[in-house]
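K.L.:
Read off the chains here:
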Amino acid sequence: MSTWCIHFSKPLSYAQGVSLQERLVSARTSGAIPDTVLFLEHEPVVTLGRRGRDNFLNVTPEYLKEEGIELHQSSRGGDVTYHAPGQIVMYPIMKLGTQEADAHGYLWNLEEIAIRTAGDFGVSAVRREGMNGAWAEHGKIAAIGFHLKRWITMHGMSFNVNIDLAGFANIVPCGLVGEPVASLESILGDDGPSLEEVRDAMSRHFSEICQREPQIFATRGELPATLADLTGECLAYL
Amino acid sequence: MQIDKSCRYTSTHEWVRVEGDEVVVGISDFAQNQLSDITYVELPSVGDTLSAQDEVAVVESVKAASDIYAPIGGTVTEINDRLADEPEIINSDPYEEGWLFRMKPIDESDVEDLLDASQYESQLPSE
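If you read the sequences in order, they're chains A and B.
Per our numbering, residue 1 is the first one in the first sequence, and the count goes up by one each step.
Per our numbering, residue 1001 is the first one in the second sequence, and the count goes up by one each step.
Next comes chain B alone, as it looks inside the complex (with noise of 0.2 angstroms):
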């Protein structure tokens, strides 16, 4: 299981990593690998004004549609073109190339009441 330490996370299992004055997010490597085969992914447009717990996108695995939430608030300013043809690099490298989407925070310290990748990790289900 791999924990990205310069990323923040949700308990829904999305990351946020800030870069600029604007944030990526994606799932992590135990969402993906929860879902496994990820067949198709529904992202927001740019310009969505999201709110904080926003259902905002939908990962589809073998026969799991699972909902992704918005860590934080913001406007939508990019989107991963690529997951449209290339849905599994989700599951091949989930902190970097399958990356979901890009926001401008509403107010950027909001990053900071995320949990941190130790808090993160303590409460994944032990096995």
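Next up, chain A with everything else stripped away, as it sits in the complex (with noise of 0.2 angstroms):
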């Protein structure tokens, strides 16, 4: 079965991934497209999960404001996290209960790419029994949360590549004290690979993992007419 994925090369704001993946999952769900995976990068975003605990910031929402990081609430599970340019973000909009049979076996295949990605890059990831995510041997490299809509996927997961950790400082990630983050960068040092390098890889590791073609589109005039609808003012950061 044939997957569309789309590589963004300029940083959207959270406010433009979360309404795009909202038009996709609402296409998903009336059959218009296919499952669709997006790649992209954040400018820089603390985004608070479904509960909205905001005890997990270490700073004031204002203090955010001066450093130019947006405060959002987003639909997704798990506690606070933080997005920046440095990061690849992956959005799978896919429908669970055919191929990806539950929620287990989705949340296993994720980490399952997180893993891979940082193992082709020389760094060794693991599971941690009840946290989730990809956790290396100096914190960790990516985090996952995710929302369903009648088992439609949004949300997703972030991994780490040459992002400035300094950001993360604003918060508790994860709500998790005590537990470090680390990146590709972090770990390897400026021997680390670019963020294309590991978003292909990540990309390559999706298609095996969750058994899918993808059909990468990577520049506007690539997009089905239909993608290209639902894609709308975002087109502007292929």
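Just so you know, the hints here were simulated from the structure itself, not pulled from any lab data.
All residues carry an ideal CB built from backbone N, CA and C; glycine is no exception.
Errors might be hidden in some of the hints.
[As the list claims (entries may be wrong)] Label pairs and their calculated CB-CB ranges:
#1 Glu-1042/B to Leu-176/A: 16 to 24 angstroms
#2 Glu-1086/B to Ala-228/A: 44 to 52 angstroms
#3 Gln-1002/B to Leu-188/A: 45 to 53 angstroms
#4 Asp-1093/B to Phe-121/A: 44 to 52 angstroms
#5 Met-131/A to Asp-1081/B: 28 to 36 angstroms
#6 Asp-229/A to Gln-1119/B: 53 to 61 angstroms
#7 Thr-219/A to Glu-1042/B: 39 to 47 angstroms
Once you've looked at the hints, go ahead and assemble the two chains, each given alone in its own frame, into the complex.
P.N.:
What follows is the structure, encoded as structure tokens:
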């Protein structure tokens, strides 16, 4: 089964990312599009999970604003996290219940994609019981939080490549006190891979693990008309 | 996989049981098993008026937050307060203790249009 896959090259705001995903979820629900996966970066933003527990913020919302970091409530599961350029965000809009039998399997698949991607660059990452995501020896390298609407997924996973980890100091990531965050760059130094190399590795593992044949669209002209319409203003970020 | 024969179902895995002139709504054993350990539930308010298919509640497990839809139109008359402190009872007893809310249907006969237990069972993924 073919799966559409969009690679954005310029960072989107969080609101743009959410609104695009919502349009895609509706289109996926009605069967207008196949499963579709977005790979992108976000402008700096702190997002709170569904429970909106802001006690995991180490700074005030005013301080974040001064620093040029947005603050958003998100419909995904999980607690607070941070996105900024240098981090690859993968948003699969997929219908569960067919290939991915359930939410456990889907979560396992996302973690497996992160673990194998880190492994491609010589970084060993593992799962930790009861804590979703992928963890390298030096800290958490990938965060996962998703939402199901009629068993169609939105939100997904973020993977730290060469993001400035200082931004995480504003929060207690995922509400886990005393757990450090790592990136490929913080582990490998300047020898680390580029964002594009990591994205391509992640895209490859997605296709293997989720057993999809992705059709990758990286420029405006490549998008099927339906998808171009849905992508709307975000086309400018390809 | 348990399917309560006394309930009607939606294709999005909510169950409905008629009790007097009201209906009780919850999520099926299949749905709770899919979501695994439920940690948080966001319920509607008593008095909310719903149309069929409205997003009415959210059930959050490990890291998936899943929307719950109103199976039929009506007004919410009671919510399961126990879920605030013990959301895990949805996992342990999805058809009884783990109910989500009660509602007074606009038209009780709407329940008849939902899936019966065997129709629901036949549309579940086979494994």
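K.L.:
Each hint should be assessed against the structure and marked as holding or not.
P.N.:
How the hints compare with the structure:
1. For the pair Glu-1042/B and Leu-176/A, the supplied restraint of 16 to 24 angstroms holds, since their beta-carbon distance comes to about 23 angstroms.
2. The supplied range of 44 to 52 angstroms is met by Glu-1086/B and Ala-228/A, whose beta-carbon atoms lie about 48 angstroms from each other.
3. Evaluation of the 45 to 53 angstroms hint for Gln-1002/B and Leu-188/A yields a pass: the beta carbon distance comes to about 50 angstroms.
4. At roughly 46 angstroms, the beta-carbon separation of Asp-1093/B and Phe-121/A lies within the given 44 to 52 angstroms, and the hint holds.
5. Under the hint 28 to 36 angstroms, the C-beta atoms of Met-131/A and Asp-1081/B, about 30 angstroms apart, fit the expected range.
6. At roughly 36 angstroms, the beta-carbon separation of Asp-229/A and Gln-1119/B lies outside the given 53 to 61 angstroms, and the hint is violated.
7. The beta-carbon spacing between Thr-219/A and Glu-1042/B, approximately 40 angstroms, falls within the hinted interval of 39 to 47 angstroms.
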